[in-house]
Amino acid sequence: MSNQNPVCEEDVVICTHIHLIRNLRDVPFVSKMSRSERQKLEQRVASAVSENEGLSRVFRFIDMESLSKTEAVSLVERFLISADFLSDCRGRGLFVNEDETVSVMVNEEDHIHLQCEQAGLNLQKAFEKADGLDDILDKSLHFAFDENLGYLTQNPVNLGTGMRASLTLHLPALREGGGVSRISTNLSKLGLALRGALGSGAEPKGAVYQLSNHVTFGLSEQEAIANLQSIAMQLIEQERAARTELAESLEIQDTVSRSLAILQSARMMADDEFMQLISNVRFGVAAGLIDPIDYGELNRLMIMVQPATLTVAGGRKLTPTERRSLRAEKIRDFLQKLNA
1 MSNQNPVCEE DVVICTHIHL IRNLRDVPFV SKMSRSERQK LEQRVASAVS
51 ENEGLSRVFR FIDMESLSKT EAVSLVERFL ISADFLSDCR GRGLFVNEDE
101 TVSVMVNEED HIHLQCEQAG LNLQKAFEKA DGLDDILDKS LHFAFDENLG
151 YLTQNPVNLG TGMRASLTLH LPALREGGGV SRISTNLSKL GLALRGALGS
201 GAEPKGAVYQ LSNHVTFGLS EQEAIANLQS IAMQLIEQER AARTELAESL
251 EIQDTVSRSL AILQSARMMA DDEFMQLISN VRFGVAAGLI DPIDYGELNR
301 LMIMVQPATL TVAGGRKLTP TERRSLRAEK IRDFLQKLNA
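The sequence shown: position 12 = 12 (UniProt numbering), numbered continuously.
None of these hints come from the bench; they were simulated from the model.
We put the beta carbon where it would ideally sit given N, CA and C, even for glycine.
Among the hints, erroneous ones may be present.
[Claimed, not checked] What follows is a list of derived Cβ distance ranges for each label pair:
(1) 44 x 267: 28 to 36 Å
(2) 157 x 51: 17 to 25 Å
(3) 71 x 333: 29 to 37 Å
(4) 86 x 57: 26 to 34 Å
(5) 237 x 53: 40 to 48 Å
(6) 241 x 53: 48 to 56 Å
(7) 155 x 188: 39 to 47 Å
(8) 44 x 233: 27 to 35 Å
(9) 44 x 220: 27 to 35 Å
(10) 35 x 292: 48 to 56 Å
(11) 70 x 149: 39 to 47 Å
(12) 272 x 249: 31 to 39 Å
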C-alpha cells in the first residue's frame, strides 16, 4: 500500500521554501558596504531579534566568520544558507531557529534573506510564517519599499514582492522517462524554473529537483503562490502516472528491493551511491513496492549523511574511507531504528 500523504503530497514534494529578500532604508546595498558596515548592520539585526521577546527565545546566531569551511558547507547541505553566502564570510551572519525550519541570512546579496521551510507541499503555511516574521523585523529595521517598484533589491530581478517560492521535488519516474528536460523548457516560458537541486547537469543526485518562481514584479505573493501550486499539482500527477507504469516492471521492482537491502547491510557507502539508492527506496515506498517508511525520516537521513554534515557529526576530520564507513554505519542504524 502506498504511503502517500494527500494533504502534503510528500510522495513527490520533499519540502517547501519561501524566501523573502529585503534591504534596509538609507543603507547601501551589500556590494557597496565595507566589512565594518556589514558588521554594524549585523548588529542592528541582532538587536531587532534580541529586543523582541518572542524572537530572542527562538533564534540562535551563527557568526559565519567563526565557522570552519566544513561547518559552513554543512549549512548549505542543510538548506540553511546559499552556496554564494560562503564566497565571503566577512560581516555575514545567520539566525536560525531550533528545528532549522526558519533562517535569516544577513548580508548575502541583500541585507536580509529570510527563509521558511515546511515539509511537503505547504506553500501557504510557509508564506504565512515568513510573512509574520517579515512584519516583526520590518517594525524595527524599516525595509526599503517603493509604491511603484515594491521592495527594493540589489538585483532588479527580485524587485516587487522580493519573494521566491520553491518546492523540492523527487521526480525519478519523470527523469527515467526523459520528460524533465521538456517540462523545464515549457515552464521557463511561464516564469518558472525546474532544475536539479543536488549536483549539476542533466542527472542531479537522487532525481531531486527544485521548482521555483522567477517573476517577482507585477503580481502579488498570493498570485505567485497560486501559480506555483497549480504547476506543482500538474507535475505531481505526471510523476505519479509515470511511477505507476514504471512500477509494473520486474526490473524496477528488483532494483528497489536490492537498493533497500544494500542500505540495510553495506559497510561502505559513497555519497553518490547513497543518493541513488535512497531515491530508489523512496520511489519504492511511493509505488507501494516496499513497506511504508515515513517520508520525513527518509528526508532527514538524506541530509544527515551529506559529506560535510557527516564530518561535523563525526567531530573530526575524516578520510574518504572513514567517511564512507561512517555513512554506512549511520544508514544501517537509522533504518534499524525505523524497523524496531
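The hints, checked one at a time:
1. 44 x 267: 28 to 36 Å: 51 Å, violated
2. 157 x 51: 17 to 25 Å: At roughly 33 Å between Cβ atoms, residue 51 and residue 157 fall outside 17 to 25 Å, so the hint is violated.
3. 71 x 333: 29 to 37 Å: 23 Å, violated
4. 86 x 57: 26 to 34 Å: For residue 86 and residue 57 the Cβ distance comes to about 28 Å; the hint holds.
5. 237 x 53: 40 to 48 Å: At roughly 45 Å between Cβ atoms, residue 53 and residue 237 fall inside 40 to 48 Å, so the hint holds.
6. 241 x 53: 48 to 56 Å: Holds: the Cβ-Cβ distance is about 50 Å, inside 48 to 56 Å.
7. 155 x 188: 39 to 47 Å: Violated - the Cβ-Cβ distance for residue 155 and residue 188, about 18 Å, lies outside 39 to 47 Å.
8. 44 x 233: 27 to 35 Å: 41 Å, violated
9. 44 x 220: 27 to 35 Å: 29 Å, holds
10. 35 x 292: 48 to 56 Å: 51 Å, holds
11. 70 x 149: 39 to 47 Å: 40 Å, holds
12. 272 x 249: 31 to 39 Å: Taking Cβ atoms as reference, residue 272 and residue 249 lie about 23 Å apart, which means the hint is violated.
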